[in-house]
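Both chains are sitting in their own frames, so use the hints and assemble them into the complex.
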Amino acid sequence: MTALQVSHVSKSFPGVRALHDVSMTMTAGSVHALLGENGAGKSTLIKIVTGICKPDSGTVSMNGATVRFANPRQAAAGGLGVVHQERNLVTRFSVGENILLDRLGNRALSLVDYTSLHREAEKWLKLLDLDVDPRTIVSRLSVAQMQLVEIGKALSLQSRVLLLDEPTASLTPNESKVLFRVLRRLRDDGVAIGFVSHKLEEVFDICDRVTVLRDGRNACDSAGLSQLDRNDVVQMMIGRAERITTRAPRPGTDAAPYLELRGYGSGAGHRDINLTVRPGEIVGLYGLVGAGRSELARAILGLSKQVAGEVRVLGRAVHISSVAQALHHHGIGYVSEDRKAEGLILMHSVLANGGITIWRKLANALGLLRDTTIAARVGPVLTRLEVKTPSVHQITGNLSGGNQQKVSVAKWLAAGVRLLIIDEPSVGIDIKTKAYLHDLIHELAEQGTAILLITSDMPEMIDVADRILVMDGYRIKGEVGNDRSYDPVSRAIMGLIHDRAAA
Amino acid sequence: MAHAGADRPIPPGSAPRRMSSGMRLLLGNEFGLAVLILLTVAIFALTLDGFTSPFSIYTIGRQIGIDTMIGLAMMAVIVTGGLDLSVGAIGVCSAMFFGWLMQVMGVPVLVAVPLAVLFGAGLGFVNGFTVVMSGVHSFIITLASMSIFFGVMIFLTRAAAFNGLPPQVQAFGKMRVLQGISPLLLIAVAVCAALVVFYRYSTLGRQMLAAGANARAAELSGIRTGRVIVACHMLTGLLAAIAGLMVTARTGAAVPSMAGQLGQDWLLPAFLAPVLGGTLLSGGRVSVIGTLLGATFINIMTSGLLLMRVGEFWILAFLGVMLLIAVLADRTRQIFLTSRGMI
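Just so you know, the sequences run in chain order A and B.
For the first sequence, our numbering gives the first residue as -10, with consecutive numbering after it.
For the second sequence, our numbering gives the first residue as 4, with consecutive numbering after it.
One chain only, chain B, in its complex shape (with noise of 0.2 angstroms):
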């Protein structure tokens, strides 16, 4: 077979070469984003009193902790091509009913964690089931299951606080571990490590992929793409609970505004941590370390700007303009993408 070109057949048995990783590194955000962390570090620690206390670097890393859980939330949506704006209301009515199992009912810690964690996955599969369902788009659906979720706990809470959790609670949000790290990041790093692992290896995670690149091929290679698609929005309650639960661990109470009204506080990091980590917002491509890296800068950036006693006004426009900036990345990568016939 004479041919000219680049194409050539197979080797057998030849290692699997990546085309140009060079590019691949540069077309994904996590090195660039890797870059920015290391540079905006230097510049805040050597310039800034204060920065690298054992403190500061405690909460800034705590904080880091909960808003990745908070993006890879959305992440797990976004993989589908759609979102989930209610992932606030999830995450504050998972909260709540662990406050609920705790303080009223008498459940003991370890069995109230898993039962909000699932009751959050619950929540996501209404979300999930209506979107498959009704055909819809989830911006729509999760609009209205955000007011309902968030509308129905403030009627049974009376819109009251659980303050009366059991102090382990609060005792693991103040904890600290190998030398001043916060539990909370850490529990968001092993979850990062085992959604990697998901998405990677498991059948589920790349049935997720293959139906969030191109539901309709997907479907003709005998993937259920329904079944698939509502599992992701489990997932994404799922991990919205756990973001919850971290927030009230935090907090050592299940507040009902711990994230604003209608759980809207949580939708810029949500948002902000996979886009910036190159999570593609049309589907089928994750980046689970970008989204830790995502959550990273912006907590870093938010730290420093405070620090500098910028107002807090100024920092949310700040994190606006960073999402503009996002989106106009990721809609660069799709250009490329397309122009390379990959789409």
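Bound-form chain A, shown alone (with noise of 0.2 angstroms):
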């Protein structure tokens, strides 16, 4: 039965069409994936389908009748949730109170039952395996309840369709087992489904159907995935073959270290942390969400105290206090995973972002300096990358996911950084720029930039590290040497991580 439809639907945002003729069915009782790389319009036909968007041309429909959501409010009246990629939850309100935040009472003043609030919200999380107390405020949860908690208050308003963006995106692979359990079950009662995701593993793990975009036109509409398999779908969504991992092994450095930590503490909370970074070595931080990894990185860099152990850079102890310092006297950079709240300021200019780092070297005796001197240093930087804007006084804001991550990149390649640290490069970006950072990790390490990877990208941990630390619970809990074979470097690092668990 078809619970959603989407037919021939276009829509033109000033300059560009986003989508164009775009059309996709959705069966009761099936996971429908949505995929394309970044800019290909998924986000754009979601808001079309939950009301945020009006399109130009094409209709909606559920269940047969044609629908027009004047915004997602009405969309969720109508039986259509969406659990979006932000988190919408209020932190500070319980769980039960966020999966009924609407429902709260009838009238302004009238009191809320939190008796039968408990009750009814208690349903939805049984029904997820979820097994918290309604009562529990939701800033305790893990990413992954919070996630789950979404999903629990699309469905108590009965949705017969739920669209998930990403819904993996912030999940360690356990809890995305978790999340499919549900939503399998969710499926078998009759549910659709509609799932985005860029990890396509997930997506031939759970989904019967997919729709993929590629420039806002359907590369397929609706197909059944058992009949494709994974190259097929690459290749519909970038029009060419997945370029299979086909590095050698880099042969090792013996080149005195860039940085080293030796038995090092953190006010963050790490122990015994000893790490080598030399000059054109990529070395690989894995560990799950909450492993301690992206802290280290900031602690690195200043902000967090140092309570134990030692700091080397080049074979001198030093003591990093502030970022300004890490990058002005030990040339440490760090690309950050969280690109929007700390990797970029959005609504400055892209000769700006790329800049920043390099303002104060590039003033002059008055501390003034010029567009045009800092864009004789980041222009080369950004061709280089070949980031894509139509100037580079364009509004970082505006750019593609993709291209604000290279911009991300670029303002530490302008500083001439000598170890880079890398946070989950590819979150959010499709997969022609994802290589292209593989690629440009490489050639960095080959012009001897020291590089510090942190990834929860398996895949991409194994396909670029030379060789990889495994971090959990704020400690390493060993090294594993990358060969770029797959299945044993990466039982060997699950091993070293579940090493725990059994002890």
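No wet-lab data here; the hints were simulated from the structure.
Note that the coordinates shown come from a computational prediction; the quantities given were computed from them, not determined experimentally.
Every residue, glycine too, gets a C-beta built ideally from N, C-alpha and C.
Please note that a few of the clues may not be correct.
[To be verified] Covered stretches of chain A, as calculated for chain B (at least 3 residues, CB under 8 angstroms):
| # | stretch |
| --- | --- |
| 1 | 309 to 321 |
| 2 | 331 to 345 |
| 3 | 350 to 359 |
Okay, structure coming up:
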């Protein structure tokens, strides 16, 4: 039975044709993947379905009747639930209050009946296999639990169509498994589930059908996934076959370490960290979310206090107390995992973001500098990284996710850092840019930059890193040499992590 | 790289092209304000006797200079997404310090001016340092410091004015240059020019904008945001002190009540001018020229309404309504920016 049908929808924004004659048919009791690179039109399609945008032409229908939702509230009332990538929970409210947030009481001044509210919420939590008390404050939950609460919130509106936008982006593999179990049960109950993800493994794991968008058009419309293989899907997404890793393991280097931590402990809670990164080496730091990897990066940059051990840069013991010192004195740069909140100043221009690290260096004796001076240094880096922007004065927030990520890398290349810490380089990035960034990381290493790579994406880790340190509970659990053979290396890594559970 | 869409690589050596300059012009408040100013001036000039008299033009211009200065002082801290309720108190305290230096200590005018301005920057430092160290919002900190600065000043001066200032001070306040323009207005315009250069071309100015737009991203890009925010507050104090000296020159004396109780009379122009001018209340974007235009607009309206014999209290109400309209415009701008993914 057709639950949601999108027929021949087109939508233009000033200067951009976002969707062109796009169709998609979601059936009750099936999980439907919506795939496409960044900028392919997935978000626009979701916005049109949920009533945030109006289509220029074409229709959306649910259960056979044409619908025209004016806003997401109406869509929700019509049985269409959406779980967005960003969290939309009130973190200081309880789980139950969040699930039933828009039904707390009938009138503005009526009292909330907490007993029945929590009983009602408990029903949804049980359905989701979420073993938490509905009175728990949301901020105490893990990211994965919050995700499930959001799904519960959508379901509690009697949604028969559920759209999930990158639901696993911040989940660990185990948490994803729990989510998938829930999704399968919902599917068996007859819910039509739409699933947006960049992780193809997951798509093949859980989805039955797939719609692929490329440049705002259907590359395929609701095809059965069983007749496709991974390569077919990738080909539809990017218009060519995925490049399979052929990178040979790189020879080790015996250069003197650029950065060395010995028995290091931080105010953030790290203990006994031993770590060396040599010039020209790509050291991977793998771990699950919450293992303390990003926190270690921040501690190295001086954002947490050093409480034990030694930090050596080029053999000399140092105390780094600020990012400014890390950058200007020790040549250390950090590409944040959270591009929007920490990596970039989205309301400022590409030039301002690319040059922010070198303003101090370029200013004249009066502390003055001109755009042209900065552009002369930043321009070549932007060109080298193939950043697509109409001009360097473009507002960074207007660029696509992949191009934004390139800008957040560009500022460190412009500064000529000797050690680059890269945190989750390919979150929310399309396959083409991802492959490009991997090449770039290798190229930088070849030129002698020391690289510390943090990622939760196992294929990425095995494709890029020379050797992999495994972190768990703010400690280094061990090291795995990387010969690019996926199964043994990933098994060794997971072995080191689960070592804790066994002990 | 065949790629459909609006993006394309930067063609080497291409002239920097601004994104839809028409949109930018309309988005900013400067254009609208300039039109509004021309319209009101035209209407008042045609309908009100005496609006265009040399004396009226002179006094309006002088007051525009002072209000611009007050607005710039607030703008310098709005950049960080914060505010400074103590601008008035700092202005008055610096003016009283200025008077004390000359009348009691016998310091010559030309030495007293820079000392008083530095004094204002010092009070700004106290604000900034406390804000950064405590991590408390500047609203609370400067609400406290407003009372402290003003209270200590009243205690030290016994609330008495300094009336025996060197005659040059008052002469400067009454001076007419270039056929009837107050030098106070010229000073304000010169400070505007300096600030335009500062925010556009100086490292510190750029760092202030970066820290104001996204403090975490700025910090992680190697900017010492704490110091930069302290510098913003110092700049506010410095500009507020200049405004205080300008009022002293106009009155010919340093009077504790020149900005009302606790310096609160300055707060309305302090917020109105920059917000009307298009400075984003959440920080990261300034409009120096907009602040000048904002101060110009409110003074032309005020003078026109006064000439129409509208009561002073109605004018205050009117300015309050203007502030609300400006804040709504600011919200609209933010929503627009957010919807385009720029914040």
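Worksheet item: Which earlier hints turn out false for this structure, listed by number in ascending order?
Response: none
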